[in-house]
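Participant: Spelled out, the chains give:
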Amino acid sequence: MESVQSHRKIMTGNEAVAVGVKLAKVKVIAAYPITPQTTIVEELADMVANGELDSKFIEVESEHSAMSAVTASEASGVRSYTASSSHGILYMHEPLHWAAGMRLPLVMSVVNRAIGPPWNIWGEQTDTFNQKDTGWLQIYCESNQEAMDSILLGYKIAENKKILLPVMNMLDAFTLSHTSEPVDVRNQKKAAEYVGDLELDSKLDFKNPAGYGSLLGPDGPFMEMKKDMRDSMYNAIGTIKNEISNFNEQFSAELPGLTDNFMMEDADYALVTAGAISSTAKYTVRKLREKGQKVGLIRLYFYRPFPGEDVLKAVKGLKGLGVVERNLSFGQRGPTYEDVATSLYGRVDIPIRNYVVGLGGRDIRVKDFERMFEDLVEGDNEIEWVNVGVK
Amino acid sequence: MYEVRFHGRGGQGAVTASKILATAAFLEGKWVTSFPFFGTERRGAPVTAFTRVDDRRIELRSQIYEPDAVIVLDRSLMSIVNVTEGLKNEGVIIVNGKSGNLKEAGKFKVGYVDATSIALRNGLGDPSHPIVNTAILGAFSKISDLVSLQSIKSATTDMVPSKKKENVNAIQEAYEETELN
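Those protein sequences? They're chains A and B, same order as listed. Heads up: the first sequence is residues 1 to 391, going by the numbering used here. Heads up: the second sequence is residues 392 to 572, going by the numbering used here.
FYI, nobody ran anything at the bench for these hints, they're computed from the structure. From the three backbone atoms N, C-alpha and C, an ideal C-beta is built for every residue, glycine too. Heads up, a few of these hints could be off.
Simulated crosslink set (BS3-like; lysine-lysine; CA at most 27 Å straight-line) [claimed, not checked]:
{"id": "1", "chain 1": "B", "residue 1": "LYS479", "chain 2": "A", "residue 2": "LYS291"}
{"id": "2", "chain 1": "B", "residue 1": "LYS494", "chain 2": "A", "residue 2": "LYS9"}
{"id": "3", "chain 1": "A", "residue 1": "LYS203", "chain 2": "A", "residue 2": "LYS162"}
{"id": "4", "chain 1": "A", "residue 1": "LYS25", "chain 2": "A", "residue 2": "LYS207"}
{"id": "5", "chain 1": "A", "residue 1": "LYS189", "chain 2": "A", "residue 2": "LYS56"}
{"id": "6", "chain 1": "A", "residue 1": "LYS319", "chain 2": "A", "residue 2": "LYS291"}
{"id": "7", "chain 1": "A", "residue 1": "LYS291", "chain 2": "A", "residue 2": "LYS56"}
{"id": "8", "chain 1": "B", "residue 1": "LYS554", "chain 2": "A", "residue 2": "LYS9"}
{"id": "9", "chain 1": "A", "residue 1": "LYS313", "chain 2": "A", "residue 2": "LYS132"}
{"id": "10", "chain 1": "A", "residue 1": "LYS132", "chain 2": "A", "residue 2": "LYS207"}
{"id": "11", "chain 1": "B", "residue 1": "LYS555", "chain 2": "B", "residue 2": "LYS421"}
{"id": "12", "chain 1": "B", "residue 1": "LYS554", "chain 2": "B", "residue 2": "LYS489"}
{"id": "13", "chain 1": "A", "residue 1": "LYS287", "chain 2": "B", "residue 2": "LYS421"}
{"id": "14", "chain 1": "A", "residue 1": "LYS367", "chain 2": "B", "residue 2": "LYS479"}
{"id": "15", "chain 1": "B", "residue 1": "LYS489", "chain 2": "B", "residue 2": "LYS421"}
{"id": "16", "chain 1": "B", "residue 1": "LYS555", "chain 2": "B", "residue 2": "LYS533"}
{"id": "17", "chain 1": "B", "residue 1": "LYS479", "chain 2": "A", "residue 2": "LYS287"}
{"id": "18", "chain 1": "A", "residue 1": "LYS9", "chain 2": "B", "residue 2": "LYS556"}
{"id": "19", "chain 1": "A", "residue 1": "LYS9", "chain 2": "B", "residue 2": "LYS555"}
{"id": "20", "chain 1": "B", "residue 1": "LYS533", "chain 2": "B", "residue 2": "LYS554"}
{"id": "21", "chain 1": "A", "residue 1": "LYS132", "chain 2": "A", "residue 2": "LYS9"}
{"id": "22", "chain 1": "A", "residue 1": "LYS25", "chain 2": "A", "residue 2": "LYS161"}
{"id": "23", "chain 1": "A", "residue 1": "LYS241", "chain 2": "A", "residue 2": "LYS189"}
{"id": "24", "chain 1": "B", "residue 1": "LYS494", "chain 2": "B", "residue 2": "LYS479"}
Distance ranges between label pairs, derived from CB positions [what the hints assert, rightly or not]:
{"id": "25", "chain 1": "B", "residue 1": "ASP446", "chain 2": "A", "residue 2": "PRO256", "range": "35 to 41 Å"}
{"id": "26", "chain 1": "A", "residue 1": "PRO209", "chain 2": "B", "residue 2": "LYS555", "range": "56 to 62 Å"}
{"id": "27", "chain 1": "A", "residue 1": "GLU378", "chain 2": "B", "residue 2": "ALA436", "range": "32 to 38 Å"}
{"id": "28", "chain 1": "B", "residue 1": "LEU571", "chain 2": "A", "residue 2": "ASN242", "range": "55 to 61 Å"}
{"id": "29", "chain 1": "A", "residue 1": "GLY238", "chain 2": "B", "residue 2": "LYS555", "range": "15 to 21 Å"}
{"id": "30", "chain 1": "A", "residue 1": "PRO218", "chain 2": "B", "residue 2": "ALA436", "range": "56 to 62 Å"}
{"id": "31", "chain 1": "B", "residue 1": "LEU571", "chain 2": "A", "residue 2": "SER6", "range": "48 to 54 Å"}
With the hints as extra help, turn the sequences into a complete structure.
Facilitator: In structure tokens, the structure reads:
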């Protein structure tokens with residue numbers, strides 16, 4: 001048997017993603033480079049050029065075209081992939097709806113980066129929180145290991161015939177994308193067996209031409225198709241749980257559930273986070289626990305479908321809950337707050353507070369999480385801005 | 392947990408040095424992360440990079456504010472960057488230079504090495520752009536007991552795309568020539 005060290009490699013988040021795409025036997029890649037996603041695409045282009053990855057690499061002139069190209073290739077029954085970030089994903093917003101509405105099981109990586117102006121290339125999740133209503137499943141990764149594993153899991157879930165919806169995998173700019181850390185590289189043969197071959201019941205076929213996405217009037221099954229799509233997303237939760245267990249078993253992996261509940265059993269106060277900041281939050285929770293404070297963390301691994309029932313179960317018995325947003329919504333509290341509050345409304349009576357952190361790449365430190373835990377006890381602002389106005 | 396901060400200029404290989412150090416510790420069975428200061432890199436501009444080493448999986452993902460060691464690849468930075476900022480008492484600082492008069496030097500373990508000359512005589516870079524990142528790690532392994540000299544050499548051999556032998560020689564020479572102040 002191979003030793004752990006032999007398949008454990010030091011790699012950046014972007015390298016881990018590219019290896020994940022190779023492991024998933026993706027056949028078409030179309031992408032437009034944008035910082036900090038660029039090295040994913042460069043790595044994949046290298047793999048295709050040197051024959052390591054048997055895939056068609058399509059260079060396009062924009063993100064809109066990248067999504068349109070992979071929509072067409074996926075509709076032909078060929079496993080396809082793209083990656084983007086920030087303004088690139090905003091430009092892709094329209095074809096994102098098309099890909100999901102056509103029930104195409106694409107997987108895309110998004111390296112979360114701030115939205116301008118002012119121009120900013122650093123980490124923030126507003127870009128993909130703006131895409132939460134496009135019909136894509138959304139996964140926020142905490143580590144480079146998850147960034148690799150979630151590509152394989154993503155195709156497995158997306159291509160499940162009960163789901164048939166695309167999956168968007170997120171990793172935080174620089175904090176994961178350009179950070180090197182140990183990753184267990186999954187065995188290529190096992191990975192290929194795990195994802196299997198893509199088989200769509202209905203696909204573009206020159207011999208049997210058919211139209212897709214054509215006009216349906218108010219009385220046509222337009223509304224029924226939207227309902228079916230919404231039902232499929234919502235009902236996917238059970239399938240996702242099974243697939244995560246299956247993945248962990250097959251690869252001796254450690255993917256969490258839709259939520260990752262950390263030291264929640266007897267917690268009085270807890271925070272809700274998504275993405276790489278969750279690691280620093282866990283570090284803080286551990287530190288505060290050593291001082292005797294009963295604190296915990298609920299990390300949202302999946303954001304769509306939203307794991308409301310899991311959050312409800314995890315928060316029972318809490319005296320206070322704080323929802324941390326690394327994104328910004330105007331004129332209302334943050335989207336994560338809304339989703340958490342909706343899931344708990346009328347079912348538990350726990351005060352919920354909302355925190356905005358780390359916009360435009362502002363570093364998120366242990367002392368910031370400590371302050372949030374303090375504020376949970378005594379704070380009273382509608383939204384608390386963390387580490388703002390001190391620079 | 393042991394935390395290291397690198398100061399260099401774009402093109403000198405500070406980011407690669409942080410990865411080589413992480414890889415060396417990884418080869419010794421440690422958990423590691425290494426990352427650049429999240430900025431836009433330009434040749435000649437000040438660059439900061441970081442390495443964390445621990446016995447368990449590393450959860451802390453903020454930048455490093457109180458390093459255990461600082462490695463300065465270009466001493467001209469010392470007039471524009473406070474390289475010892477946050478450095479712990481008794482912390483290690485390695486400076487690329489024959490000697491120097493570091494402020495508050497008594498608080499730290501200070502090592503000087505002429506990594507530029509060592510790099511150049513081993514054919515690493517050219518006089519306007521010497522590649523000093525591997526030599527300086529040889530010096531680090533002498534002053535700090537974080538990783539062995541052999542692990543630095545092995546990690547370098549794994550990671551540098553060319554001139555493997557020259558890099559290993561530079562590491563050895565730097566190790567021998569480093570002076571503890």
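Participant: All the hints need checking, so say for each whether the structure fits it.
Facilitator: Comparing the hints with the structure gives:
1. Pair hint LYS479(B) plus LYS291(A) holds up; C-alpha atoms about 23 Å apart against a cutoff of 27 Å.
2. Simply put, LYS494(B) and LYS9(A) have alpha-carbon atoms about 39 Å apart, too far for the 27 Å limit, and the pair is violated.
3. Of the pairs offered as hints, the one joining LYS203(A) and LYS162(A) holds, with about 17 Å between alpha carbons and a cut-off of 27 Å not exceeded.
4. Taken as a hint, the LYS25(A) and LYS207(A) pair is honoured in the structure, with Cα atoms around 26 Å apart against an allowance of 27 Å.
5. Straight-line distance between C-alpha atoms of LYS189(A) and LYS56(A) comes to about 21 Å, which keeps the hinted pair within the 27 Å bound.
6. Note on LYS319(A) and LYS291(A): the hinted pairing holds, with a Cα-Cα distance of about 18 Å set against a maximum of 27 Å.
7. Proximity of LYS291(A) to LYS56(A) is assessed by CA-CA distance (about 55 Å); at most 27 Å being required, the pair is judged violated.
8. Simply put, LYS554(B) and LYS9(A) have alpha-carbon atoms about 22 Å apart, close enough for the 27 Å limit, and the pair holds.
9. For the proposed pair LYS313(A) and LYS132(A), the alpha carbon gap of about 23 Å is at most 27 Å, so the pair holds.
10. Using a Cα cut-off of 27 Å, the hinted pair LYS132(A) and LYS207(A) is violated, with the two alpha carbons roughly 37 Å apart.
11. Restraint check for LYS555(B) and LYS421(B): satisfied, since their Cα atoms lie roughly 24 Å apart, inside the 27 Å limit.
12. A threshold of 27 Å between alpha carbons decides the hint, and for LYS554(B) with LYS489(B) the separation of about 25 Å falls inside it, so the pair holds.
13. In summary, the hint linking LYS287(A) to LYS421(B) is supported, as the alpha carbons are separated by about 21 Å, within the 27 Å threshold.
14. Between LYS367(A) and LYS479(B) the CA atoms are separated by roughly 18 Å; this keeps the pair inside 27 Å, and the hint holds.
15. Under the criterion of a C-alpha separation no larger than 27 Å, the hint pairing LYS489(B) with LYS421(B) is inconsistent with the structure, at around 32 Å.
16. Between LYS555(B) and LYS533(B), the direct Cα distance comes to roughly 20 Å. Compliance with the 27 Å bound is thereby established for this hinted pair.
17. Restraint check: the Cα-Cα separation between LYS479(B) and LYS287(A) comes to about 20 Å, which is no more than 27 Å; the hinted pair holds.
18. A threshold of 27 Å between alpha carbons decides the hint, and for LYS9(A) with LYS556(B) the separation of about 23 Å falls inside it, so the pair holds.
19. Pair hint LYS9(A) plus LYS555(B) holds up; C-alpha atoms about 20 Å apart against a cutoff of 27 Å.
20. Restraint check for LYS533(B) and LYS554(B): satisfied, since their Cα atoms lie roughly 23 Å apart, inside the 27 Å limit.
21. A hinted pair counts as satisfied when its Cα atoms are at most 27 Å apart, and LYS132(A) with LYS9(A) does not qualify at roughly 33 Å.
22. Distance hint between LYS25(A) and LYS161(A) is fulfilled; the C-alpha atoms sit about 19 Å from each other, no more than 27 Å.
23. Of the pairs offered as hints, the one joining LYS241(A) and LYS189(A) holds, with about 24 Å between alpha carbons and a cut-off of 27 Å not exceeded.
24. For the proposed pair LYS494(B) and LYS479(B), the alpha carbon gap of about 14 Å is at most 27 Å, so the pair holds.
25. Take ASP446(B) and PRO256(A): their Cβ atoms lie about 23 Å apart, and the range 35 to 41 Å is violated.
26. Checking the proposed 56 to 62 Å range against PRO209(A) and LYS555(B) shows it holds: the Cβ atoms sit about 58 Å from each other.
27. Checked against the given bound of 32 to 38 Å, the beta carbons of GLU378(A) and ALA436(B), roughly 43 Å apart, lie outside it.
28. The hinted range of 55 to 61 Å is satisfied by LEU571(B) and ASN242(A), whose Cβ atoms lie roughly 59 Å apart.
29. Distance hint for GLY238(A) and LYS555(B): a CB-CB separation of about 53 Å, inconsistent with the stated range 15 to 21 Å.
30. Range check, PRO218(A) to ALA436(B): about 59 Å between beta-carbon atoms, so the 56 to 62 Å window is met.
31. For the pair LEU571(B) and SER6(A), the beta carbons lie near 37 Å from each other, so the given range of 48 to 54 Å is not met.
This entry does not satisfy hints 2, 7, 10, 15, 21, 25, 27, 29 and 31, going by the numbered hints stated previously.
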